[in-house]
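The opening residue of the sequence shown carries number 0 in numbering that gives the first Met the number 0; numbering runs sequentially from there.
In case anyone wonders, no lab produced these hints; they're calculated from the structure.
No residue lacks a Cβ here, since even glycine has one placed at the ideal position from N, Cα and C.
There may be inaccurate statements among the hints.
What the hints assert, rightly or not - Derived pair list, reagent style DSBU-like, types lysine-lysine, alpha-carbon separation capped at 35 Å:
| no. | residue 1 | residue 2 |
| --- | --- | --- |
| 1 | K71 | K1 |
| 2 | K1 | K144 |
| 3 | K1 | K114 |
| 4 | K114 | K146 |
| 5 | K71 | K10 |
| 6 | K144 | K71 |
| 7 | K71 | K146 |
| 8 | K1 | K146 |
| 9 | K10 | K146 |
| 10 | K10 | K144 |
Stated by the list, open to error - Quick list of simulated restraints, FRET-style, between CB atoms:
| no. | residue 1 | residue 2 | range |
| --- | --- | --- | --- |
| 11 | R86 | S127 | 40 to 48 Å |
| 12 | R23 | K146 | 22 to 30 Å |
| 13 | A112 | V36 | 25 to 33 Å |
| 14 | S127 | A44 | 38 to 46 Å |
| 15 | P49 | N29 | 22 to 30 Å |
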Amino acid sequence: MKIELTPEEEKLDREIEYEALNLRDHIQANANADRVVALLRSLRARNAVPSHRMRYFTDADYNVGGRGSSRKEQFERNGNRGEDIVRNGHFLEVMRYFVYGPDLPAVTISAFAAKVSECGMVTSSDISGLSAEARRLARQTGLPKRKAADEFYKLALETMGHGYASSIRDGVMQMR
0 MKIELTPEEE KLDREIEYEA LNLRDHIQAN ANADRVVALL RSLRARNAVP SHRMRYFTDA
60 DYNVGGRGSS RKEQFERNGN RGEDIVRNGH FLEVMRYFVY GPDLPAVTIS AFAAKVSECG
120 MVTSSDISGL SAEARRLARQ TGLPKRKAAD EFYKLALETM GHGYASSIRD GVMQMR
């Protein structure tokens with residue numbers, strides 16, 4: 000689910016550390032932020048980030064449980080604006096999603112995508128079964144419930160669109 004990158008973007012991507020806790024000091028964090036800014040600028044210039052991934056960040060409707068705010072607005076409420084948002088260590092998770100899609104094992108992504116594909120045009124009658132499958136697969140990942148729910152929400156955006164994605168997220172949140 001990785002987007003296509005130009006050779007220059009590939010080079011930047013290889014140099015980006017997407018795990019903020021792995022950045023040892025302020026100098027390394029700033030250099031990493033410079034690369035993130037450059038990569039995002041390039042991706043935006045050619046509209047390379049799929050619209051649903053961008054809306055995940057900019058649209059309040061795509062922020063389930065966000066109390067009417069988009070993820071971008073949450074950064075702004077915390078005093079970040081413009082490039083400062085992109086330079087913030089918490090943005091790395093968003094940037095990773097822009098480039099790579101959901102942070103789930105490939106086998107999990109394939110299994111869920113296959114279930115969605117079996118449905119053909121997804122309707123409300125398919126959601127119960129798809130939610131159960133998402134829960135089953137989420138348990139196999141070993142991710143904490145909230146993280147798994149968010150990643151399966153992203154996966155649902157990728158495979159079936161926004162209409163039922165929050166139902167899949169809610170289904171994973173019911174995991175025990």
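Now the hints, each set against the structure:
1. With a C-alpha separation of about 22 Å, the suggested pairing of K71 with K1 holds against the 35 Å cut-off.
2. Among the hinted pairs, K1 with K144 is consistent with the structure: their alpha-carbon atoms are about 24 Å apart, no more than 35 Å.
3. A distance of roughly 20 Å separates the Cα atoms of K1 and K114; the hinted pair therefore holds under the 35 Å criterion.
4. Between the alpha carbons of K114 and K146 the distance comes to roughly 21 Å, so the proposed pair stays at or under 35 Å and holds.
5. For a cut-off of 35 Å, the pair hint linking K71 to K10 stands: about 26 Å separates their Cα positions.
6. Between K144 and K71 the CA atoms are separated by roughly 23 Å; this keeps the pair inside 35 Å, and the hint holds.
7. For the hint linking K71 to K146, the alpha-carbon distance of about 19 Å falls within 35 Å, and the restraint holds.
8. With a CA separation close to 20 Å, the supplied pair K1 and K146 stays within the 35 Å bound.
9. Between K10 and K146 the alpha-carbon distance is near 28 Å, which keeps this suggested pair within the 35 Å criterion.
10. Taking the CA atoms of K10 and K144, the gap is near 34 Å; set against the 35 Å cutoff, the hint holds.
11. As the Cβ distance of R86 to S127 is approximately 42 Å, the hint placing it in 40 to 48 Å holds.
12. Taking the beta carbon of each, R23 and K146 are about 24 Å apart, inside 22 to 30 Å as hinted.
13. Judged by the Cβ atoms, the range 25 to 33 Å given for A112 and V36 holds: they are separated by roughly 32 Å.
14. Against the hinted window of 38 to 46 Å, the Cβ-Cβ separation of S127 and A44 comes to about 42 Å, which satisfies the hint.
15. Roughly 29 Å separates the CB atoms of P49 and N29, a value that falls within the hinted 22 to 30 Å.
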